[in-house]
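> Work out the full structure: start from the sequences and follow the hints.
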Amino acid sequence: MALTATTLLGGCKRDGASRHPDDASTPDGADPDANLPEPTGDPIVFASVGVPHGAAITMVAVDPLGGAAITRDATGGVRLWPALDGSREPLIVPIQDPRSMAVASDGAGGWTLALLDAAGGGRIVGVDKAGKMQPLASLTPTDPITEIVVMPGGKQLVAVGGDHVLRLLDHHGTELARLDQPSLRPAALRIAPHAEGGPQVIALTAGEFDRAEGRFAVELLPLSITDGKLALAGPRQTIHLDSPPTSDNPSVSPDGRAAVFIQRQRLGGATWTVIAIQLEDGRQVSVNSQIPNGVQPRFGLLPRGRVLLDDGTGLGRVVDLQDRNVELVALRSTPTINHLAATFVAGLRVAPASNWLAVHQLDTDDLAYLGYEQISVTDAALSPSALTVAWALTDRVAVEQTRQGDRVVVEIPRTRGLGQRFIEFLDEERLVMLDWAGGAQVVRWRDGEIISAADLGNNIQLAELGRNGEGDGVMFVRTNLWQNPSVVELTDGRFGGRYLTHASANLAGLLAPRGEPLDSWGAWTIDGSGKLRNFTLAELRPGLDTEAALATGEALSFGVPEQFSVGADETVYWVRTTGSRPTLHIERGETSEELQLPAGFVTMMVPSRDGRRIAIVQQRDPGQVITVYDASSLQPAWAQPIPAINGMSWSDASEALAIPATLGGGVVLDASDGTPLTARCGLAFEVRRTPPVVQGFTNQLSVCEL
1 MALTATTLLG
11 GCKRDGASRH
21 PDDASTPDGA
31 DPDANLPEPT
41 GDPIVFASVG
51 VPHGAAITMV
61 AVDPLGGAAI
71 TRDATGGVRL
81 WPALDGSREP
91 LIVPIQDPRS
101 MAVASDGAGG
111 WTLALLDAAG
121 GGRIVGVDKA
131 GKMQPLASLT
141 PTDPITEIVV
151 MPGGKQLVAV
161 GGDHVLRLLD
171 HHGTELARLD
181 QPSLRPAALR
191 IAPHAEGGPQ
201 VIALTAGEFD
211 RAEGRFAVEL
221 LPLSITDGKL
231 ALAGPRQTIH
241 LDSPPTSDNP
251 SVSPDGRAAV
261 FIQRQRLGGA
271 TWTVIAIQLE
281 DGRQVSVNSQ
291 IPNGVQPRFG
301 LLPRGRVLLD
311 DGTGLGRVVD
321 LQDRNVELVA
331 LRSTPTINHL
341 AATFVAGLRV
351 APASNWLAVH
361 QLDTDDLAYL
371 GYEQISVTDA
381 ALSPSALTVA
391 WALTDRVAVE
401 QTRQGDRVVV
411 EIPRTRGLGQ
421 RFIEFLDEER
431 LVMLDWAGGA
441 QVVRWRDGEI
451 ISAADLGNNI
461 QLAELGRNGE
471 GDGVMFVRTN
481 LWQNPSVVEL
491 TDGRFGGRYL
501 THASANLAGL
511 LAPRGEPLDS
521 WGAWTIDGSG
531 KLRNFTLAEL
541 RPGLDTEAAL
551 ATGEALSFGV
561 PEQFSVGADE
571 TVYWVRTTGS
581 RPTLHIERGE
591 TSEELQLPAG
601 FVTMMVPSRD
611 GRRIAIVQQR
621 DPGQVITVYD
631 ASSLQPAWAQ
641 PIPAINGMSW
651 SDASEALAIP
661 ATLGGGVVLD
671 ASDGTPLTAR
681 CGLAFEVRRT
691 PPVVQGFTNQ
701 LSVCEL
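Numbering (UniProt numbering), first residue to last: 1 to 706.
Since the hints were derived computationally from the structure, they do not count as laboratory data. Some hints could be false.
Said to hold, decoys possible - Pair ranges (Cβ atoms, derived): (1) Ser557 - Thr40: 50 to 60 Å; (2) Arg688 - Ser243: 19 to 29 Å; (3) Ser504 - Pro542: 21 to 31 Å; (4) Val693 - Asp323: 17 to 27 Å.
Unchecked claim - Here are the simulated lysine-lysine pairs, DSSO-like style, with alpha carbons at most 30 Å apart: (5) Lys132 - Lys155; (6) Lys155 - Lys229; (7) Lys129 - Lys155.
Backbone N, C-alpha and C define an ideal beta-carbon position, used for all residues, glycine too.
Rendered as structure tokens:
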């Protein structure tokens, strides 16, 4: 079967001179950009690759002295925030999905991290002042650990296991001492960083239900750590809670002299009482917080015997345990702040604000948001040489260029607020852009000069561009009307004729056979009856008779496929799914082959522009998987999980491909092995005094985490 068409979604582009992305010079050693003007657009600073959280933060642990924090997001990514004043960017911690975390200063400008996994094992990681990380120890799950704390100074850690045994470890994971008494049932740990004689750890028992009190009895066990030994350090006090201990209930004062907890004023009631108990003699004081909310509030300790309660309404209450009064305060809450995951340490209230970190200085009421402005990559374009990539963001178009190993990123002038739906390089210097409203432009990306413009209709849904390497090409455009796709001619870098095809189309794509004159380019369509029709420029320019056009076409023997694509060498690819297993059919002239694909509906199929490779995207819950195959042998070269993507752009020699994933970011992958060459998921790190606007996370995966 001789079919002359190109990929449904990717657009075939003619071969041209090409280099590997890392090869910044021409074969004769001359810089190809030496005589070109410097870009005039404003520079754009993207976030460091992989650093922004790719999902909302769900867990926060703070250094006992309030100097740093460690966070985990909904996908398990971990970041260390080494400066809560925003003077330093967060760092990626290469450990996935810890169940519990702890961090403390090492006394030399660095940090010691402890992260526990679901099996009860863990890792101890050292981070120096410059941010370099070094694994210090691996804790095996043979004695499962349920909670661990890092002592200020970072040299010692205290852990408690599921066997209720307390262990003192050094920062290399060596056990220095243990405390194992039949009468002790410790399950949680608290640190008093300013206790007399040095930082102190107080252990809490798991909480056993006391029928007489109708509440859970929890023992407070002060510990002594001296000369590498671990022992009880004072009288054991018992408190009663409405439920077993939580992350903040009870809390221990920084000096280790008292514990503060909350309980319902009456069993079954909705108001909460704040109670403080002195660990030395057991004396208590209680104050009604006047909170009528039935949900247990979070709380933190303030200086001078005050307690701040946060019930999630934004209206906080400061309970003064000395004067026994209650003061209402505004907590400066926003809808993005997760008060249930907030942590109160050293006069700070640290809470997630989606994928930002909110740091509230309680003494000065200074609330700062640390993080990265989210970007949405609606489309991506890769230049013929793969040395330049363009990102269509929601508010502008950015161009990123690799030169001598350095990446230069600029905004294309006059692209603000246009909402580009489609972008593609016409050549190394000119970019074709198409916005949602149908406004099409050919621009020189270095200075934003508009070379040509046209109105191509409204509500653009799909566009593809084929080029011949000489400034000529054909663009295929489809609107949401879904009938009569359009073919647009480009001549010498300018828009020419615009033509409607004369048929309804279930599937449609760009027609750009390699090596053929531009007259034979155009579009192909497949209607509901499975009839393939070609509409070339030679036929469209003089005008087509609708009835005659509909009478033409070739009935496909296999009917209407789920996906259909034709490479530049006229190899036909089509997909049909039986049950849950799709089958890829390949037709090369009179030869036919089949390839059973893994489970997953095929959403996109894009041959490379030189015909050597084909990329297939399949739907997998909750995201997608892209697999690149060798087009000749049909052997898979690599596969990557990815967010839901909008399209794909190959370089001319198929050495790289660019992928846009809207809120999941944008990435350029090495086509030989799938290695990310560059990835963008946010703008520069910043400190804000106003709540960030987060569009949400439609993807549970970020391309910056590949």
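> What hints, given by number in increasing order, does this structure fail?
2, 4
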